[in-house]
Amino acid sequence: MLQNERNLSMVTLKHQTEYVCRCLFERVGDASFVGHLDLMHTFDRAIRRAGLPILYSQGYNPRPMMVFALPLGVGIDTLGDYVDISMSREVDVNELMEKVNPFLPKGVKLYGGINIDEPKNSLMSVVTIAKYRFTAPEIKSKMRNLVTRDELRVTKKSKGKLVETDIRPLFICEVPDNETSEDVFECFVYAGSSKNLRPDVFLNALCEYEGYDREIAANCLVTRLGLYGGEYPELKDIKGLL
Amino acid sequence: MNIVNISRSDLMSVESPGRYVGGEYGAVIKENIIQELETTGKCSAVRAAFCFPDVYEIGMSNLAMQILYKCLNDQDYCYCERVFSPWIDMDKVMREKGYELYSMETKSPIKDFDIVAFTLGYEMCYTNVLQMLDLGNIPFRASDRKETDPIVICGGPCAYNIEPMADFFDAVLLGEGEECIVEVASVVKAYKDAGKKSKHDLLIELAKIPGVYIPAFYEAQYEGNKYVGLKKLEESAPDTILKRIITDLDNVSYPTNPIVPNIRIIHDRAYLELFRGCIRGCRFCQAGFICRPVREKSPETLCRQGIEIERNSGYDELGILSLSSSDYTGLKELTDGLLAAFEGHHSSLSLPSLRIDNFALDLMEKVSQTRKSGLTFAPEAGTQRLRDVINKGICEEDIMKSLRLAFAGGWSTVKLYFMLGLPTETMEDVEGIANLAHKIENLYYEVAREVGFKPRKPEITVSTSMYIPKPFTPFQWEKQCTKEEFLEKQGHLRDLLRKSRNIKYIWHDVESSLWEVILARGDRRLCSVILDGYKKGCFYDAWDDKFKFDVWMETLNEHGLTWEMFAREFDVDEALPWGHIDVGVTTKFLKKEREKAYEETITPPCRTKCSACGAQCFKVGECYASK
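Sequences listed follow chains A and B, in order. One point on numbering: in the working numbering, the residue at position 180 of the first sequence is 180, and numbering is uninterrupted. One point on numbering: in the working numbering, the residue at position 611 of the second sequence is 1611, and numbering is uninterrupted.
If we strip away everything but chain B, and leave its shape as in the complex, we get (with noise of 0.2 Å):
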């Protein structure tokens, strides 16, 4: 069995060493799979690494990578460890003293494993998957990768349109997985129990199970500048491929006895899932299409879920996960149990995504048991139109309300976030953000003098990202505004929020969004242009003091790419790179949400009436329940 044995003095030489060295209770160990290594050198199980392409500490902070580790552990014959991006000093001494990219739990070369599997919540992870690979010494392009090598897979919301990385993955899988990425383990124990004789043959069973992708079937056909579509290489691959769903989330295995890592990670709590999809359809969320649809777990469930996650994983806090905490129906039932529950234990519930209401207030006072917390709104544009635009079912008079409630309470701090650049915006909706801003500091001091308590200074927090037209949303054929746009519209913004001290103004990176909009809608020309950015540097691109956006352009341009070509619009017709891909919501569907969006109507949520959006297909959730 190989292990990789970093020395006590490089583990010294880096930050936080207590990021590479594992060892945290909730591990997986299986001792079987262990001494059979030790004596043979090889297992008969299959051997999956499983591998988040950032720091260890967001790593294992991510729901996803604990549901599937539990998944693939639950089978005999599997045995699932974790794998995480070394930071910039750990990279440099691992290629510096030759060290290969090793697993947390058995500290073995991921080119051991038989299945490497990244998942890829966000586009600006894409070189540190590069980066993994070249660590652990697996060649990049799945062309170049023999039977010897492992079998690359991916997941995650960027699967829905890995085009940009199609190249470096031996197969991509589509929506949820947890019993896809168990099919998978399945056919590849086959494969290694046969000998693993043709890696093609292994591909072409992989291809039958529902939801797998692979890309490698098919080649991509441009005309001149622009993509026309896939051509279909293997005769028995299917046409389009449709996601995978879990039908019912009651019964689907869940992490209740998670691992709990022995340093602080980012979101250091568990977690319960209240509920899978979105019933508000806001048109530039991406979370909100292809998640559809809306399947709740119950409250019981969750409840006796939350009790025992609680328990076995020692944590004093529960954090509560969807899409939109307040619109689950269960909600008073399992709050008020799960309070119950932890009466007299220091352990306290995070509520993110709720709407702020009267209820919300009480839970949060009752949840807390530290410092009031700030408040967080998420209007997302400044005007009423431009809200009904992109179909936030919000309006000031909701906001005004709640705050009124807030302040009256004692809350002083809120935080706004918004976005520029949506579709149809003008700077009229850019100064929409300032006023509604300017108002909530006059209404705390209102509030102050109604209720007769002595105003602080209340801390107003505006925060702007810059918008990005994604797959499988109504905007996704938008163009996304220019930098120099991006640009007036901030500073335009800011100049207005200069007036009130109480009012921070903080803005996410403009050049970052520029690169992501290439990756989110880009198509196979990328690929290359991601490995030559990695070979010249270029990797933790999430952190915005790590992006590198020049060489990013420079690298484009060589390939004989530019910006303008993924980021303009796009024609309705032309064929998308992500159009061989079916997440149940129809591409007809998207247009008439474009068209309305135009007409600034808003589309009621998938609970008060179904739009027919096409997530029927898959005869479950709430929408095809209730018909």
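Bound-form chain A, shown alone (with noise of 0.2 Å):
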């Protein structure tokens, strides 16, 4: 094939019908280790793995259609993440789900969800707030003090430059109503790509004003419990939202 011949068949290419599974996933325990795009690579690998048709985005470098609700940080647990699987026929979310998970490695697992045509608003844009925990020794009361505060500080890198900003506003509510021991603080914050509180800076902020030691902060491990859309008090679940 000539050059041009070639780059005629690249522009001619044709939109293609997307069938959306929209996934509950989780990561837990040496996962949680690997990078949020190498995630991307292995549910891609496990679909393949099943037999089951992903589809690829066109052009020069195609990448399989995945769309993550809100990005993961290495070494985050979560029991509650969505991704948006695009296939290119129409697959039974429990099918996906029944038959991707025994091809997954140990710690990543897919529940089920929902099928949906293309969603009109992407799954990124739908996502206001996270809940997580915290485990860490004796972390609830220093959390607690924590959050009674009117102004946490901080300073972090954005564009290159050093910048403080309140991410007081950030902390939603610590989760009513838990029994749960004193080393474990359970909470809401927004999260999604307007408004996010990400746990590294928020675990930051508690060493710096409450003195929690950092080595022990470092050592603490944070579940990603659940992601919502809507306002506080008033969660929507991600699988209605399309």
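Hints were generated in silico from the structure; no laboratory data involved. Ideal placement from N, C-alpha and C gives every residue a C-beta, glycine not left out.
Below, simulated DSS-like cross-link-like pairs (lysine-lysine); rule was C-alpha separation at most 30 Å, straight line:
#	chain 1	residue 1	chain 2	residue 2
1	A	K99	B	K1070
2	A	K156	B	K1092
3	A	K156	A	K195
4	A	K239	A	K109
5	A	K99	B	K1030
6	B	K1546	B	K1504
7	B	K1097	A	K106
8	B	K1107	A	K106
9	A	K109	B	K1070
10	B	K1504	B	K1415
Computed list of chain A residues with no C-beta within reach of chain B, every gap over 12 Å:
#	residue
11	E26
12	K161
13	I172
14	E179
15	V201
With the hints as a guide, dock the two chains, each given alone in a separate frame, to form the complex.
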């Protein structure tokens, strides 16, 4: 094929219909040390092993069509994240889950979800709130003290420059009526593309303001328990937000 | 059961923590053995730690590891796990916090294993072997290890001259390891069953296995500064050790369910091995001689395995592997079959080491779903004279003809690989490299005019490495260029190539090549040098920015040795440190090839005419079958 023919074939690619499976997934233990992009490859390969037809983007560098609700930092466990996986034919989401799970590495698992036609709003844009659990010695009382403050100014890197921001408004509240131990703190925080509180930034503030031991904080197990849309306390299930 | 538990904070403090956690799809978990270990603290099975002396991303790209991992784990009485060299940041954490080196599968300290096996693919990884033993709390020298320590073995291309590392290994496996390593494991199993009474008796048993070399059974002899041969210390040990080969590649175990890493690795694809050996006989190429004779897998076997691998692994790319893929007789049948099977799967084939012709271009067009990647040529030398000297069966006309096709087909990126410092090389040969690059540049514009397309900016990359004479090649006796000679050649070429903006020149580090020749052709006196260098902080020598040439030269001199001793021209009749190793190819043949090199005469490929290299002794392979 000559160069020009080839270029022509690239622009005449037709739009393919997407059949989206919106799945809940967990990533725990050693698998949590795998980066966000690598997790995408992990899902892609497992779906291929299961022989299901994942859809690929067109163009020079085809990528599996997969959208995550919220990037997941390295080292953070999740029990309730969402991913939209596009298939090239209709695949029942329960079939996807049953067939793919045996092919996923240890610590990664898909839960049921729903089948949707092409979503009008991207999955990332509907996420507003995340629920986290922090597990570390004596963390509950320290966290409670921390969030009584009116202001939590932290410096963070943004576009290469250090900027100071107040993260207190990003914290919503502790999970109500929670009978967890002194070593567990569960809370709701803002999450998503407009307002987002990263758990590591939050932990850093805990060390800075409450003198919590940095080594202990570094060993704190952070688990994302769930993602939601809507405004607190009117949480909306991500599955319903198309 | 001892387990190394790296804390969350320590994992988070290092680069790419995914390297250190395991849990990959395809990793073997033998529940029954783990349970036995958990309840009794020991197990009856042989535990093997397969160590790759470099980072995870490189080790996991290594096919030998995947093959031998499967061979060992296919045995019920054996559990093989993987171990990699921790990167410098993790190395520091492990030393500071007292973590021992551990296996990926069960996180067991490597000193709890019965066998610790290293695969040695390149000499520059030697210090990482020492790093791994060090972090594993295993004594460096075989003579310091007792019955309670693991048996430390190695294999791979570097095993053919293991003398510079001989003190550190209990046993060395020569040649293709699929059968040999299992035989070793079964002997170790018997030793373990009998209560590990005498390591010496175990070594005697191991020495009986064809292809196994026990360094401790021999003592190196020197006269003055010269190595003069080995003296046998153990009566039953063989005088020479013949490498092992697999006679029937269609029926040898192959990992069609490979371990698929969770993180990106260097070569992130599945692999299919077409054949072993090479019909070409390029005189500088060690692989071309140590891998003889040529043995192919049938296209049917390969097609079946390729389809299985693609399905089992989930990889979207299958790499075709061999020393020269165009020489595979079933290439068309195989690629047609695989492409048909992958239709609609979004899977591609990657085809390195193809000779560029119409068929190859057509194939590359078919397999690539992405943009046209660069074309790679390895003329190795700049003039026809020197290409005849090294028996590189490629002429300028071939290259130009291939490139004419490629340029007309839309390619515009070309990579050219050369070596500087080949035997008999003159400045004229160096200039030939620049001339060839300029001719290729002109050809691109010429083809653009003829075919009538608007020329882009062609990208021509010239890359030179420094020639290192290697054991078991016709040039094994040759001297290496000095640092000054290398730099002069490199500088001259750089000046010549500076004229064109379409040509980029990249070169390999001179100093690491000067050290590599010592490791490649050295004898046992190097063992103490390598250990001292390691103790002075040298490791990850294969990484140019970590390599400390000055430290190595200083350490070498402290031991009364010089670069010259190992880089000089060896006398054809002097004892070579690898003289007791037999790869099939005879010294007589290598000598004859060296003479033919000086006469600038080429030797035809094995398939065209047998040149009686000696590899017929294995009684298999294409050359043997055709007789």
